[in-house]
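Construct all of the structure, not just a fragment, from the sequences and the given hints.
Protein chains in written order, with numbering that gives the first Met the number 0: chain A, 0 to 160; chain B, 0 to 160.
By construction, these hints were calculated from the structure, which means they are not laboratory data.
A virtual CB, placed ideally from N, CA and C, is assigned to each residue, including glycine.
Wrong hints could be hidden among the right ones.
[Claimed, not checked] Only part of the chain A face toward chain B is listed, based on derived beta-carbon distances under 10 angstroms: (1) F6; (2) L65; (3) A73; (4) L81; (5) L125.
Listed below are the residues making up each chain.
Number of protein chains: 2
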Amino acid sequence: MTFWLLFCIFLAACLGAGVTGGLFAPGPWYRGLNKPWFTPPDWAFPVTWMVLYVCMAVAGARVGMLSGNGIAMAFWAFQIALNAVWSPVFFGLKNIRLGMAIVSALWLGVLCTMLAMWQIDWIAGLLFLPYLIWVTIAAALNAGVWRLNMDVARNPPPAPS
Amino acid sequence: MTFWLLFCIFLAACLGAGVTGGLFAPGPWYRGLNKPWFTPPDWAFPVTWMVLYVCMAVAGARVGMLSGNGIAMAFWAFQIALNAVWSPVFFGLKNIRLGMAIVSALWLGVLCTMLAMWQIDWIAGLLFLPYLIWVTIAAALNAGVWRLNMDVARNPPPAPS
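Written out as structure tokens, the structure is:
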């Protein structure tokens with residue numbers, strides 16, 4: 000009972016953060032960039048995120064029911080905040096370098112969440128592993144786009160006013 | 000010791016979400032809108048948010064150390080995700096109506112976090128009260144801007160591409 004309530008709240012947090020991925024989605028600007036060979040096709044992003052959201056929510060709900068979960072819960076909140084920020088910065092502001100800073104912090108946050116969870120529930124930790132792998136790919140993609148589009152990265156358009 | 004570690008992680012989550020408030024800040028578009036009489040001056044926003052972030056982090060850290068904190072921790076994560084989303088939608092996409100939907104969900108999330116915290120630590124619950132009041136003002140501001148700028152709200156500019 001408590002598990003499903005926790006699952007629903009954590010899933011809602013994921014979907015809340017995911018709103019930005021839908022609103023600031025790959026468009027003409029992104030399509031016009033040079034991209035590394037391992038770039039996933041556009042359709043893979045929403046599909047993968049939905050699977051990851053379910054894993055993240057299950058992991059959060061499992062750990063939410065255990066005592067001594069403070070650090071894991073705090074890192075869970077940290078990673079979802081940064082998760083919400085990447086799309087607006089990368090696709091919205093078209094700021095490749097700032098996107099790199101945010102995806103790096105997100106990567107670290109996901110790693111810390113996974114490690115903190117693993118210590119009190121290894122299944123929850125394992126459920127964060129696909130997420131860590133995906134953010135690793137996202138970070139490599141961001142880095143690759145930066146390397147292959149130096150001029151664009153150096154001159155992001157002015158912020159919306 | 001654990002308290003301060005938790006405090007730092009929760010504060011980092013707040014600052015991570017707050018990045019969007021700095022990047023998608025009030026600009027010429029916002030200044031050109033008709034605003035309700037109770038609109039706070041621009042400088043009040045970052046000042047208030049910093050105070051609220053500290054309150055939110057202290058509340059999170061206090062509850063993070065207690066057992067039976069699952070629901071409160073899940074709602075804490077939910078509200079910070081939505082907190083990160085409002086600025087990009089309102090100031091970035093200039094979408095007043097979608098901003099209203101998000102600030103309403105945020106308001107509900109903050110209320111639920113406060114109530115869930117209050118049940119296990121009334122001081123933590125109390126620390127969320129100023130946040131709830133501020134989000135109430137923000138929601139009223141969003142609603143007022145909508146009412147006073149019907150044409151702008153009806154025709155948000157196309158999303159960045």
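- Query: Taking each numbered hint in turn, which are not upheld by the structure, reported in ascending numerical order?
  - Reply: Going through the list in order, the structure violates hint 5 alone and respects the others.
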